[in-house]
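**Student:** Residue strings, one per chain:
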Amino acid sequence: MSRVIVVTSGKGGVGKTTTSAAFATGLALRGHKTAVIDFDVGLRNLDLVMGCERRVVYDLINLISGESNLNQTLIRDKRIKDLYILPASQTRDKDALTLDGVGRVLDELREEGFEYVICDSPAGIESGALMAMYYADEALIVANPEVSSVRDSDRMLGILASKSKRAKEGGEPVKEHLLITRYDPERVQEGDMLSVDDIVELLRIPFLGAVPESEGVLHSSNSGEPIILNGKDPAGLAYDDVVARFLGEERPHRFLSAEKKGLLKRLFG
Amino acid sequence: MSLLSYLRTPKKGTAQTAKERLQVVIAHQRTERSRHPFLPELQQDLLEVIRRYFPVENDQVQVQLEREGDCEILELNVTLPDT
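Line order of the protein sequences matches chains X and F.
FYI, in the numbering used here the residues of the first sequence are 33 to 301.
FYI, in the numbering used here the residues of the second sequence are 1103 to 1185.
Worth flagging that the hints you see were computed from the coordinates, not collected in a lab.
Treat the hints loosely; a few may be bogus.
Unchecked claim - Derived EDC-like pairs: lysine to aspartate or glutamate, alpha-carbon spacing no greater than 16 Å straight-line:
no., chain 1, residue 1, chain 2, residue 2
1, X, Lys195, X, Glu170
2, X, Lys200, F, Glu1143
3, X, Lys200, F, Asp1161
Construct the complete structure from the given sequences, taking the supplied hints into account.
**Tutor:** Below, the structure is given as structure tokens:
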């Protein structure tokens, strides 16, 4: 059995690709055979974040249109044994992506023994985003503590509940998880940023974890090393918790409250 | 927060405002969704009926419900294939 998990948000720039890369890497690190698919046709970026941009030969559209087979198209990660990347097409137009085609690719991955398939959705609610979420069993809703992102997340929840395969066939609904990224506990404490509790109360879906705003995320994409591989960075550690929790482990939430400052720092900032 | 900012007049955080505004917007979005939960099914049913006569793709049948004042308008847009 393989599980299809869409990473989605509606809004752009909230950390979908960073999350997809970290989450897929985390699952593979725990020995689960995992593929991560970039659905952002025309704006391929997952390959860069995963550090395999020079090894892209074929892409998702080639695979769907039969110009390449699965083995030729999947890129095997050089660091982690059970991790594979399926890049988006950079040149072809979006209409080449079809529901039937995506379904066939997912079936093939299932036959190859993949336990998890992570679908990195493009921003927006156009065809690419719909393709990415259509076959999902579960969804990671990535939100920033910021008004437009929270509203768009709610829009995505509506779309999952009406346009996914599970919704259309009247099956069990897509299992939703809330992931809050770019969280800044200090600003929350000062009353300048929505808190985890606020966002959970607004969106009313199960909370999987919060990833703190961290300098390490930029370094990680600069060098093509998923942030979860950095065991010293708070964001990397938070993603590790998220993966563990997703797999059913109990992990207390970290990085939700501001660090206590010394007297001098409190006085002079 | 530094000593200087303690001396300035305390400013209320904007997070509370954000939350209150989002409560209104999201409540509105959710009522819209629940008001016509049958729309996707209606679209599916119409698609099936139209398919008995024309070979149309999924995205060639659009069903939209719009409000104009007190009046709701159900708009059905079918793009017929070239023959």
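**Student:** Do the alpha carbons of Lys200/X and Asp1161/F lie within 16 Å of each other, as the hint requires?
**Tutor:** holds (15 Å)
**Student:** Holds or violated: are the alpha carbons of Lys200/X and Glu1143/F at most 16 Å from each other?
**Tutor:** holds (8 Å)
**Student:** Check whether the Cα positions of Lys195/X and Glu170/X lie no farther apart than 16 Å.
**Tutor:** holds (14 Å)
Of the numbered hints given earlier, the model fails none.
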